[in-house]
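Q: The residues making up each chain are set out below.
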Amino acid sequence: MTEINFTFDGDGITATDGQSLAAALTGAGRREFRVTAQGSPRGIFCGMGVCQDCLVSVDGTPNRRACMTKAADGMTVETQHAFPELGTDSRLPETPRVRVLTPDVLVIGGGAGGLSATIAARRAGADVVTLDERTVEGGQYYKQSADGSLLDAQQAEGAGLVEDARASGAEIIRGVEIWGAFDGPLVLAERDGAALIIRPRTVIVATGAYERPIIVPGWTLPGVMTTGAAQTLWRSYRTLPGRRIVVCGSGPLNMQVALELADGGAEIALVAETAPSPFLHPLRGARLSIHGPALAWQGLAMLRSLRRRRVPVRNGLRLSAVEEVESGLSVTFRRKSGGTHTVQADSLCMNAGFEPQNEILRLLGARMTYDPAAGHLRCERSETLETSVPGIFAVGDCAGLGGAPAACAEGRIAGRSAAAQSGHGDAYDLFADQRALRRHRRFQKALWQLHDVSPTPVGGLPHDTILCRCEEITVGDALAGYAVTPGHLGTLKRATRVGMGRCQGRYCGPAAARLIVEHTGEALTDRSFFAPRVPVKPVAINAILAAEEALCSDD
Amino acid sequence: MTTDLLVIGGGIVGRITAFELAKAGARVILVDAAQNAGSTANAGSLHVQMQSRFIRIYPEHAPNVERALPYYKQAAECWGTLEACLGDMHLVRKGGLMLAESAGQMAFLEEKARREETKGLDVALLDRAELDRVAPWIGPQIVGAELCRDEGKLNPLLANMQLAKACADLGVTCVTDRVEGLVVTADRVSAAGQKGHYRASEVVVAASWGSGALVRTLGIDIPTAPEPLHMNITEACDQRIDHLVQHAERSITLKQFKTGQIVIGGGWPADDHGTDQVPGVRAGSIVGNVALAARLAPPIGALRIIRTWAGMNTTADGASIIGRLPGVQRVVMAVPGDAGYTLAPLVAQMAASIVTGRDPPADPSPYSPARFAA
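Those sequence lines, one after another, are chains A and B.
The first sequence begins at 1 in the working numbering and counts up one residue at a time.
The second sequence begins at 556 in the working numbering and counts up one residue at a time.
The hints are simulated quantities; they were obtained by calculation from the structure and are not laboratory data.
Please note: incorrect hints may appear among the correct ones.
Heads up, incomplete: computed chain A residues facing chain B, CB under 10 Å, no partners named [claimed, not checked]:
| no. | residue |
| --- | --- |
| 1 | Gly365 |
| 2 | Tyr370 |
| 3 | Gly481 |
| 4 | Lys537 |
| 5 | Ile541 |
A partial selection of chain A residues facing chain B, derived with a Cβ cut-off under 8 Å [said to hold, decoys possible]:
| no. | residue |
| --- | --- |
| 6 | Ser57 |
| 7 | Thr61 |
| 8 | Pro62 |
| 9 | Glu85 |
| 10 | Glu94 |
| 11 | Ala194 |
| 12 | Ser320 |
| 13 | Val539 |
| 14 | Ala547 |
| 15 | Leu551 |
Note that CB positions come from ideal geometry on N, CA and C, so glycine has one too.
Build the full structure now, drawing on both the sequences and the hints.
A: As structure tokens, this is what we get:
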């Protein structure tokens, strides 16, 4: 492994080649990456390019996401301040680089669903381009290591899928940030400052999901991160998020990551699951083992492994507050049975379910319905996984949580269907994949009945709790704004700035939408959430400039 | 619901009107449709000099705008008074620059500045050297600019909230409903909404582009039309752009808020998706608008655009529509002709003074809706 050296605020940092800046800085014991407008330190939170909280300045370019930026030898990295200086260089950038692509099938996302779709569409004979935001494919489930080493069967299975996709003849472009999707379809993206303009015949959206946070006092403190962020640090970069870790929320990912981090050498002070013990619901457990005996067995084995490592796993604990103390973080839970439970740790990982990354689907006008069981929108799809917009398909968690095995089956179905729609293959005989898909969906339904991902109503939180991480808007601010101009989520946004920041309302939006319906008594629908808007991720002005010339000569 | 006075439209004009009427002692109900309405989507430019965009797109309306120039200047000053009275709106009045990239554009600005000066505007022409001193961030191709010292900018989110709070403090009742028609009888005016009926002795129509359709039920044809316009905003950076920035020939406004964010807009089109859907953003608008900004102000190129949105501008014939409807009792119009946010305080105060019978801040007669009488 090659060693590389860079500086952070002038201090020398040594890292392994391939590590993200976030992992390299975490490995060096640094966890404060930026300072907000109100002077609060922030660090890694989502670990997957969504929250925009781990911003640093790299070689003079402000606001780079440490989790998505590869550390490189000789880099000058600095804490990101809220108001970076822009310099006075008034020269225009050099002639921008542009690529225009016109594939039969554009696959957006290189995870379980996207890679499966890529392989299926390519095998049917379609010309396929696949875009992935990360520098290594595999997505959040198959999470590959930066150096290619394999930790376990899950990574090995992912490596096989990545290899098949690369060998399929599809063009897979990594490190791509998609920022625009328009009728046509027309997709606009950026890669290293160069513009990508894609005019595909069909699109398969496979953008996955991000983690639902637990909004409580202290959830923005450095050291508090999503469980997936901690998993990426370990699985992709062999970096532990801390020495003494608490994992909390609900769902199987928490147990899995606790076990991985324990195996990696961390002390897991507590795994706190919001739901009551599954042994209190033997019927639900039985249903789970009927629909997915192998996966149910895996779950039980994880629990046993944690016990063997003397990791305390407690059910019925709901996170209520995080405080900064001398030794790190003081983490407080409310017991379902009453009373509180406090643990000290240096890191807190949280996952309370998932939110679909459905921004591109919503932008393109795909019809959505609210799923109360999962607490998020589901995309309406046909048997072939085509959305309500002709030529636009959706697979995997972006269409509503379904898990990786279902995403793979959906990818195979959508890949062949999209290829057929663009004139390649006939997409007959999808029976086996559709049967597998039904089985995976039954398992998922049973699985989530054992967990509790119902979002905590934020209206009952202490009023100084941060609701909008980016704009530092508190629950009290939101309630006060609502009182002056009651209305819908858009009204609240304009009254308080909630959701106006860089993460574009991905964390506060769903919570604020619930805050509104608590007052209005209306049911949640697609319209309850923030209106979809370009850019779907923040995009540099110079990247838009790069796109402009190509688009103008195009039209 | 029954009240003294009814205001239809809860954008900036409606809010200031309701505030002025309540301040005069009236019981006021403010009804707003809330979905995709005319305002609360504004970007906060205080326009005084003639916008080149307007002259280019609506040449037939340009004489109306030119006649009204002193009134734009007065409106920009009204904003200062409002901020002093209601609280911080991040108002900055350091002037506006209209940039030129060629000798031809400079000649256009010279002629424009000459005409604006005769209307009492505080304008000056700057060459490149003078421009470098006040705006060191401009691109190398800029040859000069017109500076209009009367112009400025404010943060409309703050201003909207200050007005909403002021209305609440004065007891204005705010209702979310879409009013679909008006009926005037001998002793009152009734407004039929989708959810309820509202009765008052007089109504002020401040429903921007929806105003025309609303009064058509009374037999008056006022051609208000929605013009959905695109806007972009960046993440924050250090304070360096003082002016409201425009271009002599191309559609753009660019300004920096006190939050450090840069707002880029200036008249690029968006798609109107009807009254109950938000307007759609066009690829050509985000790309064209932002690329133009990058060329005019290259140092902003490293910043990221974090959000775009579209708001509805209102067009009629270029002049504001203020006053009583011809031949109809109890209905007063309050619709700015262009640059609705800039003109809002003056339009609202003039409409309110017609209702209360007090002295108007400026003569409303040139803006009377009587000009639309059949």
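Q: Compare the structure with each hint and give your call.
A: Okay, the hints, checked on the actual structure:
1. Gly365: With a closest approach of 9 Å, the glycine 365/A hint holds.
2. Tyr370: 18 Å, violated
3. Gly481: Result: holds, 8 Å to nearest chain B Cβ.
4. Lys537: 9 Å, holds
5. Ile541: 5 Å, holds
6. Ser57: 10 Å, violated
7. Thr61: 6 Å, holds
8. Pro62: 6 Å, holds
9. Glu85: 5 Å, holds
10. Glu94: 11 Å, violated
11. Ala194: Cβ of alanine 194/A sits 14 Å from chain B, so the hint is violated.
12. Ser320: 31 Å, violated
13. Val539: 6 Å, holds
14. Ala547: Interface hint status for alanine 547/A: holds (6 Å vs cutoff 8 Å).
15. Leu551: 6 Å, holds
Consistency with the previously given hints fails for numbers 2, 6, 10, 11 and 12, ordered from lowest to highest.
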